[in-house]
Each structure stands twice: as structure tokens, then as C-alpha cells.
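Keeping their order, the protein sequence lines are chains G and U.
The first sequence begins at 1 in the working numbering and counts up one residue at a time.
The second sequence begins at 161 in the working numbering and counts up one residue at a time.
Among the hints, a few may not be true.
In silico SDA-like cross-links for lysine to any residue, where the CA-CA straight-line distance does not exceed 20 Å [claimed, not checked]:
| id | chain 1 | residue 1 | chain 2 | residue 2 |
| --- | --- | --- | --- | --- |
| 1 | G | K71 | U | P481 |
| 2 | U | K546 | U | F594 |
| 3 | G | K5 | U | F401 |
| 4 | G | K128 | U | S405 |
| 5 | G | K129 | U | V598 |
| 6 | G | K55 | G | L15 |
| 7 | G | K55 | U | R686 |
| 8 | G | K5 | U | K546 |
| 9 | G | K71 | U | M677 |
| 10 | G | K129 | U | E690 |
| 11 | G | K123 | U | K546 |
| 12 | G | K55 | U | G479 |
| 13 | G | K128 | U | P481 |
| 14 | G | K55 | U | A224 |
| 15 | U | K352 | G | K71 |
| 16 | G | K123 | U | R686 |
| 17 | U | K352 | G | R90 |
Listed below are several chain G residues computed to face chain U (Cβ distance under 10 Å; list not exhaustive) [said to hold, decoys possible]:
| id | residue |
| --- | --- |
| 18 | E60 |
| 19 | T78 |
| 20 | L103 |
| 21 | K129 |
Rather than coming from a laboratory, the hints here were simulated on the basis of the structure.
Glycine included, each C-beta is placed from N, C-alpha and C at the ideal position.
Residues per chain, in single letters:
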Amino acid sequence: MAASKSQGSNFTLFLIGATVLCGGIAYAAGATGKLLLLLGAGMLLVSAVGFARIKHLEGETPVLPSPEVMKWVGAGVTLLGWVVTIGGLRMVSGNGGRIFFALLGIGVSSFGILYVLPATFNKTAFWKKPAGSSARIGYGSLPGKSATEPHFTPGMGSVR
Amino acid sequence: MPRNHLVVLCLLTASAVASGMAWAQAAPAPAVPPAAAAPAQPAAPVPPATAELREAAAKAPTPADLAKGDPGGILTGTLTDLAPADAKAGPTLADAGNQIGQNKVAINFVWTLVCGFLVMFMQAGFAMVESGLCRVKNANHTYMMNFFVYGCGLLAYWLIGFAIQMGGAAGNANLGGLYPLNAEFSISALGKTWGLFGQTGHFLAGTSYDVGVMVIFLFQMVFMDTALTIVTGACAERWKFVTFSVTSVIMGALTYPLFANWAWGGGWLSQLGTNLGLGKGYADFAGSGVVHSVGGLTALAVCLIVGPRIGKFNRDGSGNPILGHDMSAVLIGCFILAFGWFGFNPGSTLGASANGNLRIGTIAVTTMLAGCTGTFGAICYMWITKGKPDASMSGNGLLAGLVAITAPSGFVSAPSAAIIGLVAGVLVCVSVSFIENVLKVDDPVGAISVHGANGLWGVLSVGLFADGTSNYGGSWNGVTGSVTGLFYGDASQLAAQLVGISTLLGVVFTLSFAINMVLEYVIGHRVSAETELNGLDIPEMGQLGYPEFVFRPEPVLAKAA
Numbered sequence: 001m002a003a004s005k006s007q008g009s010n011f012t013l014f015l016i017g018a019t020v021l022c023g024g025i026a027y028a029a030g031a032t033g034k035l036l037l038l039l040g041a042g043m044l045l046v047s048a049v050g051f052a053r054i055k056h057l058e059g060e061t062p063v064l065p066s067p068e069v070m071k072w073v074g075a076g077v078t079l080l081g082w083v084v085t086i087g088g089l090r091m092v093s094g095n096g097g098r099i100f101f102a103l104l105g106i107g108v109s110s111f112g113i114l115y116v117l118p119a120t121f122n123k124t125a126f127w128k129k130p131a132g133s134s135a136r137i138g139y140g141s142l143p144g145k146s147a148t149e150p151h152f153t154p155g156m157g158s159v160r
Numbered sequence: 161m162p163r164n165h166l167v168v169l170c171l172l173t174a175s176a177v178a179s180g181m182a183w184a185q186a187a188p189a190p191a192v193p194p195a196a197a198a199p200a201q202p203a204a205p206v207p208p209a210t211a212e213l214r215e216a217a218a219k220a221p222t223p224a225d226l227a228k229g230d231p232g233g234i235l236t237g238t239l240t241d242l243a244p245a246d247a248k249a250g251p252t253l254a255d256a257g258n259q260i261g262q263n264k265v266a267i268n269f270v271w272t273l274v275c276g277f278l279v280m281f282m283q284a285g286f287a288m289v290e291s292g293l294c295r296v297k298n299a300n301h302t303y304m305m306n307f308f309v310y311g312c313g314l315l316a317y318w319l320i321g322f323a324i325q326m327g328g329a330a331g332n333a334n335l336g337g338l339y340p341l342n343a344e345f346s347i348s349a350l351g352k353t354w355g356l357f358g359q360t361g362h363f364l365a366g367t368s369y370d371v372g373v374m375v376i377f378l379f380q381m382v383f384m385d386t387a388l389t390i391v392t393g394a395c396a397e398r399w400k401f402v403t404f405s406v407t408s409v410i411m412g413a414l415t416y417p418l419f420a421n422w423a424w425g426g427g428w429l430s431q432l433g434t435n436l437g438l439g440k441g442y443a444d445f446a447g448s449g450v451v452h453s454v455g456g457l458t459a460l461a462v463c464l465i466v467g468p469r470i471g472k473f474n475r476d477g478s479g480n481p482i483l484g485h486d487m488s489a490v491l492i493g494c495f496i497l498a499f500g501w502f503g504f505n506p507g508s509t510l511g512a513s514a515n516g517n518l519r520i521g522t523i524a525v526t527t528m529l530a531g532c533t534g535t536f537g538a539i540c541y542m543w544i545t546k547g548k549p550d551a552s553m554s555g556n557g558l559l560a561g562l563v564a565i566t567a568p569s570g571f572v573s574a575p576s577a578a579i580i581g582l583v584a585g586v587l588v589c590v591s592v593s594f595i596e597n598v599l600k601v602d603d604p605v606g607a608i609s610v611h612g613a614n615g616l617w618g619v620l621s622v623g624l625f626a627d628g629t630s631n632y633g634g635s636w637n638g639v640t641g642s643v644t645g646l647f648y649g650d651a652s653q654l655a656a657q658l659v660g661i662s663t664l665l666g667v668v669f670t671l672s673f674a675i676n677m678v679l680e681y682v683i684g685h686r687v688s689a690e691t692e693l694n695g696l697d698i699p700e701m702g703q704l705g706y707p708e709f710v711f712r713p714e715p716v717l718a719k720a721a
């Protein structure tokens with residue numbers, strides 16, 4: 001589908017809804033503010049429904065479905081790392097202990113970001129599939145690049 | 161400024177004017193003593209300093225003197241330019257003091273605004289770097305994302321982002337106090353109060369209609385937009401324009417301002433020092449964490465969701481180089497960014513007068529040094545490992561050094577800055593390789609490595625290299641003293657920095673990921689395979705960036721057709 005009039009209409013409604021909602025937040029103490037909050041939220045909801053209704057018109061993307069639950073598990077593990085760090089602030093009072101818990105938390109978050117999530121998204125990566133097994137795959141390789149000297153692979157593309 | 165300092169300053173100014181300059185003509189006495197206007201009452205004693213001021217004013221050049229011209233510049237800018245509260249009574253010590261105070265704030269306003277204008281110009285640099293590293297068939301789309309992100313971010317920030325970030329940031333002496341920004345939503349935990357988000361400044365209306373608030377809004381807004389534009393490069397060549405637009409608005413309204421409040425707006429990270437004794441609290445002078453890590457980690461979150469470009473990876477997982485279309489744009493863009501960084505880092509003093517702000521020269525030098533050594537680090541690494549001083553990675557090395565020095569620039573010495581930049585230059589090369597070859601994440605411009613990885617390195621380096629010599633008004637984040645890192649004897653500052661890094665990874669990444677997953681369900685991030693193969697310029701933007709170019713057909717395109 002690419003960009004379309006429907007997209008433009010829904011995006012404009014999203015902007016207006018966001019503006020009205022923020023007006024409601026700014027004046028939430030008064031009745032007018034509460035009314036604006038409801039009105040803005042309603043407009044955002046309508047724009048979201050509008051976006052969802054035209055989503056299927058986009059056409060087939062190369063991305064294949066991957067395990068949804070594991071994506072949220074990965075996000076949860078990442079958040080858990082921060083909880084560990086904050087817990088450390090409460091549990092210990094010395095600098096060494098706090099640094100230890102902060103590093104532990106960073107390690108847990110990094111595990112979520114650098115292992116769980118990439119593994120989940122790459123589990124069904126389209127570039128892994130053999131050509132012909134789906135209409136969406138077969139876009140794996142891009143051979144024939146000859147704009148570089150042989151045996152030299154430039155940085156922003158492939159550094160190995 | 162203490163009152164006695166003010167009096168001394170006024171006296172010095174007055175005596176310099178009175179005794180140090182010889183006027184061509186003595187001006188007629190302009191003022192009538194107040195006692196003469198009320199002869200029935202006993203004459204009020206005139207303070208000696210005020211009498212001296214009036215004497216100096218009497219000797220100041222007249223309009224007739226000035227009409228003759230002042231080629232040497234010695235007659236322009238004297239006591240006659242001081243606006244007294246009572247013109248008849250003449251200048252008083254209070255008038256002189258008020259003028260000094262206003263001059264200080266004016267200098268800081270101008271400094272902060274001009275630096276903000278420089279940062280705004282960085283958008284042009286980002287546009288050139290990102291578009292140059294993309295293929296010509298996507299040039300218009302990539303340029304348009306960089307163009308429109310400015311509007312999306314600005315609108316969102318004006319609506320609510322600024323209020324969330326700075327709504328409780330009152331107390332900045334450089335900019336007149338910013339007293340209208342006086343409401344921070346806080347919670348109690350561990351027996352202390354912790355700020356979570358600001359609550360004033362929506363729409364810059366009401367009490368926020370204030371000269372100082374406008375200055376800080378402009379400066380913080382361009383910082384926020386820098387964070388937003390980092391994502392556009394990482395997700396280029398396959399990102400739906402409408403989804404990019406919506407997520408940019410949300411990031412400018414929520415994700416960025418929230419962390420910026422915690423670090424800069426009086427939020428809980430800045431209170432780690434006062435509440436828990438962790439150094440001077442989380443210290444991020446100009447935003448390695450607040451701006452660059454937030455942008456880089458959001459870019460990683462969206463890149464995971466949107467997936468790699470068609471043709472990037474082979475079936476065995478090996479990567480293919482997808483070359484950009486204009487290396488000249490990339491390198492010129494890098495220079496523009498380096499130029500803009502002189503607004504980014506030195507401007508983050510939020511002033512050039514008082515409160516230790518004379519360190520602006522040091523900050524500018526540490527900034528340029530780190531950029532220099534970052535370039536050397538990347539060039540040498542690539543030359544040794546790949547055999548060529550790769551151009552694109554050289555540019556990224558420059559940017560990596562600049563990103564890394566952004567947080568510590570106000571706290572470190574020149575040699576430390578050189579080390580920080582050098583590490584960043586090597587780190588960006590290693591990180592690009594890791595993200596592509598291990599994570600299998602496609603980042604066409606290396607934004608995740610440049611801004612994400614090196615932003616985190618910059619935050620960490622504050623906790624290591626801060627030398628304790630800076631003095632911005634005698635305290636930082638409300639803790640007396642100077643920010644001092646582990647290598648200079650304060651391990652607690654390192655702990656505060658690590659808590660900041662953990663928050664960036666655990667909260668900012670997760671929040672960005674969750675928001676963009678919802679957008680994936682509702683709108684969808686990725687363009688269709690057909691659109692991607694044909695190039696996004698026509699389907700998404702309606703016209704080619706370079707209509708007179710002849711495209712070289714890609715083998716995969718013929719296959720798809």
C-alpha cells in the first residue's frame with residue numbers, strides 16, 4: 001500500500017488527539033481538563049482503530065512471525081536487571097556492594113537485550129529460509145556487489 | 161552572588177569609570193539631589209558609592225560627544241547606558257547591581273541560545289550522514305525522516321515532553337532561576353523523596369510564559385530532537401513513514417523526557433547523591449546517556465522489531481555490504497555534526513558568566529580532542545584489521561569520540577578526554593561488527609554502536625575519569641563539591657553512573673521496546689517487500705530523491721519481479 005490518504009487522515013487524527021489529550025493533562029484539575037482528557041483519548045483510540053484497519057493493505061512484508069511470548073519475556077528479563085540494581089541499593093549500603101549489584105543488574109539486562117531478544121527475532125528470520133518455501137522468502141542474498149576492491153569489505157556494511 | 165561581592169563590584173565599576181578614563185568634555189550635572197526636591201525634610205545621607213556613581217555619571221560623555229563618533233570604542237558603553245530607576249535622581253548602587261545581574265543573565269541567555277542554534281544545525285549533519293549511507297533509491301525517504309523528525313519532536317515536546325522533563329527544574333541560577341518550573345511529582349521510598357516527572361510547562365502557557373523558561377525550552381528541545389533522529393538512521397531503508405512519525409511523537413513526548421527528568425530535571429537519578437550518598441548523583445554533563453544512549457537503545461529496540469533489510473544476510477548468516485550512495489555527504493555531515501557539538505557540550509553549562517562557567521573553553525577542547533582520537537582509533541583499527549582506512553568507519557569514529565565525551569566533557573582533563581575518545585573509536589568498530597555478525601541486527605549507519613554503545617561508555621567514563629576540578633557554583637545535583645571519579649578517589653560516583661547505565665538498559669530500552677511492539681501490532685513498522693525492493697522514495701514519498709539517476713538493477717530485484 002505504501003503511504004496513502006487513509007494513513008494521512010489517521011495520522012492527523014492522532015496528532016489532534018494527542019494535542020487534546022495533553023491539554024486535558026495540563027488542566028486535569030478542572031472539569032474542562034477532564035473533558036479534554038476523555039475527548040483526546042477517544043480520538044487516539046479512533047485513530048488506532050483506523051491504523052489497524054488499513055494495516056493489512058500494506059502488502060506482504062518479508063518478516064516472518066516469531067514467538068510473541070518470548071519477545072515479552074525478553075523485555076521482562078531486561079527490566080528485571082534494573083530491579084536487581086535498585087534492589088541492591090536497598091539491600092547494601094557500601095560502595096562495593098552497590099557497584100556489584102549494579103553490575104549484576106546490567107548483566108541481567110544485557111542478557112535480555114543481547115541474547116533473548118535477538119534469538120527470538122532471529123528464530124524465524126526470513127533470510128534463513130530456503131528460497132521457494134514461502135512467497136515472502138527468497139530475498140536472502142544480494143550477490144554481485146562489485147563497488148569495492150576485492151577482499152575489502154567496508155565498515156558500514158560488514159566488519160568481520 | 162553574595163551581597164558584599166555585589167557592592168565591591170559596583171564600587172570597582174564606578175571608580176574605574178570615574179578615575180580611569182579621561183573624557184573630552186565634562187557633562188553637565190544631570191541629577192538633582194533628592195534632598196533638594198524636599199527642602200522641608202532633613203536631607204537623607206547619600207551613600208558614598210552612590211555619590212561616586214553620580215559623579216561618574218556627571219563626567220560621562222554626552223550625546224553631543226557621541227555624535228562626533230567613537231572610532232576607538234572608548235566612549236560607547238558607559239554609565240550613561242545604565243537605566244536608573246529614577247532618571248532625575250541619577251544612578252544608584254541598586255541600579256548598578258540590577259544591571260550587573262541582568263548582564264550576567266543576558267550573557268547566559270545569549271550563550272545558551274546560540275549553542276542551541278548550533279545543536280539545531282546538527283539535524284542537517286544527521287540527514288547527510290544517514291542519507292549518504294543509504295542507497296539512492298531511498299534517499300528522499302531518509303532525508304524526509306530526518307526533516308520531519310524535527311517537527312514531530314518539537315510538537316510533542318511543546319505539548320507535554322518539556323513539562324515532564326523540566327517541570328520541576330526550578331533553581332538554575334544561570335538563567336534567572338527558572339522559578340515557574342516548580343512542580344515535580346515525587347514518591348517516597350527508602351525513607352527519601354524521589355522525583356519521577358515534572359508537572360508544569362505544558363504548552364509553555366500560564367506561568368511558563370517566562371523569558372528564562374523559553375531559553376531552556378529551546379536548548380532542551382534541540383537535544384531531544386537529536387535523540388529522536390538517531391533512530392531514523394538505524395531503521396532506514398525499510399521503515400514505514402507513518403509508523404516512524406507516530407513513534408517519534410511518542411518518543412518526544414514520553415520516553416526521552418522521562419529519562420531526561422530523572423537525570424537533568426531534578427528526578428531520582430540526580431538525587432542519588434543527596435539521598436544515598438552516591439557521589440554527586442548521576443552525572444551526565446551534556447547527554448551521553450540522556451541523549452545518545454536513549455536514542456541508540458531505542459534504535460536497537462526498533463531495529464529488532466523491524467528486521468534486517470532484504471539482502472543484508474545470507475542463509476548462512478554471513479552479512480553482505482550494502483553500500484551507501486554518497487560518501488561525500490557522509491563525511492561532510494560528520495563535519496557538520498562535529499561543529500554542532502560545540503553547541504552541545506560547551507552549551508550545557510547553560511551560561512558563560514558566573515558559577516564556574518569559564519570552563520567552557522576546557523569543555524570545547526576536550527570535545528574536539530575526543531573527536532580527534534576517536535577518528536584515529538577507528539582509522540587505525542580498520543587499517544590494521546581490514547587493510548584500509550575505511551571512510552565510513554572513520555566518520556563513525558569521529559562521532560563515537562564525540563558521543564563518548566559528551567557526558568564527561570565538563571568534568572575531565574584534556575588527556576583523559578583523549579583516552580576516552582580513543583577507546584570510543586575502537587569500541588565503535590568492535591560494536592558494529594558484534595551487532596551485525598553476532599546479533600544479526602541490521603543497522604545501516606551504525607547508530608546503535610555510535611550512540612548506544614558509546615553513550616554508555618561516556619556515562620561510565622564520568623565515574624572513572626572525572627578529576628574533581630570543575631566547580632559549577634560549588635555543587636552538582638545539590639551535593640557540595642565537584643564530580644570526582646574512581647581514578648581520582650571517589651568510587652561512589654562510579655556506583656551512581658552504573659545505576660544510570662542499568663536504568664538506561666532496563667527501563668529506557670524496555671519502555672521503547674514495549675511502545676514499538678504495540679505500534680507493530682496496530683500500524684506495522686515494515687514496508688512491504690515490494691516497496692523495499694523498488695526503493696521507498698516513490699511508494700512512501702511520491703518522488704525520487706535523484707530523479708535523473710539511472711539505477712543499477714540489483715540481482716535480487718530481478719528475482720523478486
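Against the structure, the hints come out as follows:
At roughly 28 Å between alpha-carbon atoms, K71(G) and P481(U) are farther apart than 20 Å, so this suggested pair is violated. For the hint pairing K546(U) with F594(U), the CA-to-CA distance comes to about 16 Å; that is within 20 Å, so the pair holds. Using a Cα cut-off of 20 Å, the hinted pair K5(G) and F401(U) holds, with the two alpha carbons roughly 13 Å apart. Note on K128(G) and S405(U): the hinted pairing is violated, with a Cα-Cα distance of about 31 Å set against a maximum of 20 Å.
Taking the CA atoms of K129(G) and V598(U), the gap is about 18 Å. The hint holds against a cut of 20 Å. Restraint check for K55(G) and L15(G): satisfied, since their Cα atoms lie roughly 19 Å apart, inside the 20 Å limit. Our distance criterion of 20 Å between C-alpha atoms is met by K55(G) and R686(U), whose separation comes to about 11 Å. Restraint check for K5(G) and K546(U): the C-alpha separation of about 48 Å exceeds 20 Å, so the hint is violated.
For a cut-off of 20 Å, the pair hint linking K71(G) to M677(U) stands: about 9 Å separates their Cα positions. Our distance criterion of 20 Å between C-alpha atoms is met by K129(G) and E690(U), whose separation comes to about 18 Å. At roughly 31 Å between alpha-carbon atoms, K123(G) and K546(U) are farther apart than 20 Å, so this suggested pair is violated. Restraint check for K55(G) and G479(U): not satisfied, since their Cα atoms lie roughly 30 Å apart, outside the 20 Å limit.
For the hint pairing K128(G) with P481(U), the CA-to-CA distance comes to about 17 Å; that is within 20 Å, so the pair holds. The hinted pair formed by K55(G) and A224(U) fails the criterion: a straight-line CA distance of about 75 Å is larger than 20 Å. Our distance criterion of 20 Å between C-alpha atoms is broken by K352(U) and K71(G), whose separation comes to about 35 Å. A distance of roughly 18 Å separates the Cα atoms of K123(G) and R686(U); the hinted pair therefore holds under the 20 Å criterion.
Taking the CA atoms of K352(U) and R90(G), the gap is near 12 Å; set against the 20 Å cutoff, the hint holds. Because the beta carbon of E60(G) sits about 6 Å from the nearest beta carbon in chain U, less than 10 Å, this interface hint is met. Restraint check, T78(G) versus chain U: the minimum CB separation of about 5 Å is within 10 Å; hint holds. Given the 10 Å rule on beta carbons, the hint for L103(G) holds: about 6 Å separates it from the nearest Cβ of chain U.
Among the interface hints, the one on K129(G) holds; its C-beta lies about 8 Å from the nearest C-beta in chain U, closer than the 10 Å criterion.
Comparing the model with each numbered hint stated earlier shows that hints 1, 4, 8, 11, 12, 14, 15 do not hold.
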